[in-house]
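**Q** Now for the letters of each chain:
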Amino acid sequence: MGDRVRVRDLHARGRTRCPRYVRGRCGTVVHVDREAALPDQAAHARTARTELTYAVRFEPRELWGDDAEPGAACVCVGLWRSYLEPAP
Amino acid sequence: MTGPHPHDAPPSAIEQRVATLEALLTDKGLVNAEFLDAIVRSYENDIGPRNGARVVARAWTDPEYQQRLLAEGTPAIAELGFGGPEGQHVVVVENRPSVHNVIVCTLCSCYPWALLGLPPVWYKSPPYRARMVREPRAVLREMGLELADDVEIRVWDSSAEIRYLVLPQRPAGTEDLDEEQLTALVTRDGMVGVAAL
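Going line by line, the protein sequences match chains A and B.
First residue of the first sequence: 324, per my numbering; consecutive thereafter.
First residue of the second sequence: 31, per my numbering; consecutive thereafter.
None of these hints come from the bench; they were simulated from the model.
Even for Gly, the Cβ is constructed at its ideal location relative to N, Cα and C.
Hints may be right or wrong, so weigh each one.
Derived DEER-like restraints, expressed as beta-carbon distance ranges [stated by the list, open to error]:
#1 A:Arg336 - B:Pro156: 42 to 48 Å
#2 A:Ala391 - B:Gln199: 25 to 31 Å
#3 A:Arg357 - B:Cys138: 15 to 21 Å
Cβ-to-Cβ under 10 Å is the rule here; a few derived chain A residues that face chain B [claimed, not checked]:
#4 Val328
#5 Tyr344
#6 Val345
#7 Cys349
#8 Val352
#9 Ala360
#10 Tyr377
#11 Asp390
#12 Ala391
#13 Ala395
#14 Gly401
#15 Trp403
Bound-form chain B, shown alone (with noise of 0.2 Å):
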């Protein structure tokens, strides 16, 4: 689903939308660019999906900070300093080797950007939110990851205002590992669930 994508294509229809409607605000003074490309910066180089990986290592290695994050995501991730936009309402969901959660927004792309950074080109199109709710099964095995028939497939419609995070399983044979070695395997897809660790 996320196929070539070429970088010396010229600008698209709404990316060009986009820059008059940019510079037609800055012209008449009604937002700053600098503040506008701070906030792009912000999303692009600080924040991302090492603030959800994290929170994941977190939980795997102290089970009652675990328990806090499950009973409510909110004031357990604003623990580690994560929060704002896109954050200020987070359920986690817990994968149990019965129970694989993946999160959607059939309606738009809502998705943890504070945890998260900004969601991938996939996430936002078309087929993958109409398909992720018709057909998980097939759609997650289409993107690698092959779950059995009576492992319950829980597909997480950010249609209201919670943003999901996925809490993977503990991948095998990591018992050794300490919470900073545990953050490094952590990936941006299993945490929405469309991957496993």
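Here chain A stands alone, though its shape is the one from the complex (with noise of 0.2 Å):
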């Protein structure tokens, strides 16, 4: 909880559920979700790995740039744990 991450700039060439509008992006962790199988591999095999979520929190304007919708706002994005790496 609080921890400042970046997403990585992950390209699957299967599945995946990481959206791309957060892929290279920083925001802080507001809450630990549950662990979940990653969908990147249980898409394509009998088993996957379960990893631990994340609720990450990202403010408009690393998302959007100066187009970021002006006003108070976030977003929180669902993100596995090796989608995510120490932010820089």
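With the hints as a guide, bring both chains together as one complex.
**A** Structure follows, in structure tokens:
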């Protein structure tokens, strides 16, 4: 909780549940959620690694730059552990 | 975003595809048609936004319940008998005067079925899914909810396995209402976060 993270710039050839609009963006962990099977593996094999998932909060300017909509807002996105790395 | 929806139109390509798949699966004995019908009936008739409304009304009238609900949604919701598919891991997010929560699934249409029933068509539409993370204030305004610039809009993208339920603010002037009467005030849109109550 509270950790600054960056979403890894992954480009899976198969399935993933890592939304494109957060790849490469930095955010803050606001909730440690449950462990869940990693979709990138589960879609292609009988067994898949389970990993913790997190709710990560992103500020609009981090996602949309100067085109961010004015006003207070944020987007919280559910992400698997291996989609994340420590923020630089 | 809801627009007119003709009911006498021929089945769409996806409807035909689903019907063909179901016929094939039934013919091969892989699924039981009555079992499928029972699931559909249950979501059409028995499981709907009233489940979520009961959770909200209980939270409004019982501060200890509200505390349990916000700390850990799933077991508190199970106390009222709700759970099951798309309701096994629920986080409840609370609206306050300074914070407004709204839910979306940008990747598909994840939605807390066990509490709200099946998602409405607009929730599954690409414009809602794309724009709610990009310009939530504009989308909410178009849907009839105007929020001041200093109210923080928190958009929850259900891209992993958590399903979210918005706990709306209790409307002013409802102090004398009991839990049953309050339940009637809670709308599906309020629990998705695209409307205030």
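**Q** Take the hints in turn and mark each one as holding or not.
**A** Structure-based check of all given hints:
Separation of A:Arg336 from B:Pro156 is about 23 Å and departs from the stated range, judged on CB atoms against 42 to 48 Å. Roughly 26 Å separates the CB atoms of A:Ala391 and B:Gln199, a value that falls within the hinted 25 to 31 Å. For the pair A:Arg357 and B:Cys138, the supplied restraint of 15 to 21 Å holds, since their beta-carbon distance comes to about 19 Å. Because the beta carbon of A:Val328 sits about 14 Å from the nearest beta carbon in chain B, more than 10 Å, this interface hint is broken.
Look at A:Tyr344: its Cβ gets to within about 7 Å of chain B, closer than 10 Å, so that hint holds up. Residue-level restraint check for A:Val345 holds (minimum Cβ-Cβ distance to chain B is 8 Å; threshold 10 Å). Nearest Cβ of chain B to the Cβ of A:Cys349: about 16 Å, over the 10 Å cut. The hint is violated. Hint status for A:Val352 relative to chain B: violated, with the closest Cβ pair at about 13 Å, above 10 Å.
The interface hint given for A:Ala360 is met, as the beta carbon of that residue sits about 9 Å from the closest beta carbon of chain B, less than 10 Å. For A:Tyr377, the interface hint holds, since its Cβ comes within 10 Å of a Cβ in chain B; the closest pair sits about 8 Å apart. Checking A:Asp390 against chain B by beta carbon gives a least distance of about 8 Å; that is within 10 Å, so the hint holds. Because the closest C-beta pair between A:Ala391 and chain B is about 9 Å apart, less than 10 Å, the hint holds.
At a threshold of 10 Å, the smallest CB-CB gap from A:Ala395 to chain B is about 4 Å, leaving the interface hint in force. Interface hint at A:Gly401: satisfied, since its Cβ lies 3 Å from the closest Cβ of chain B, which is below the 10 Å cut-off. This hint holds: A:Trp403 has a C-beta 7 Å from the nearest C-beta of chain B, less than the 10 Å allowed.
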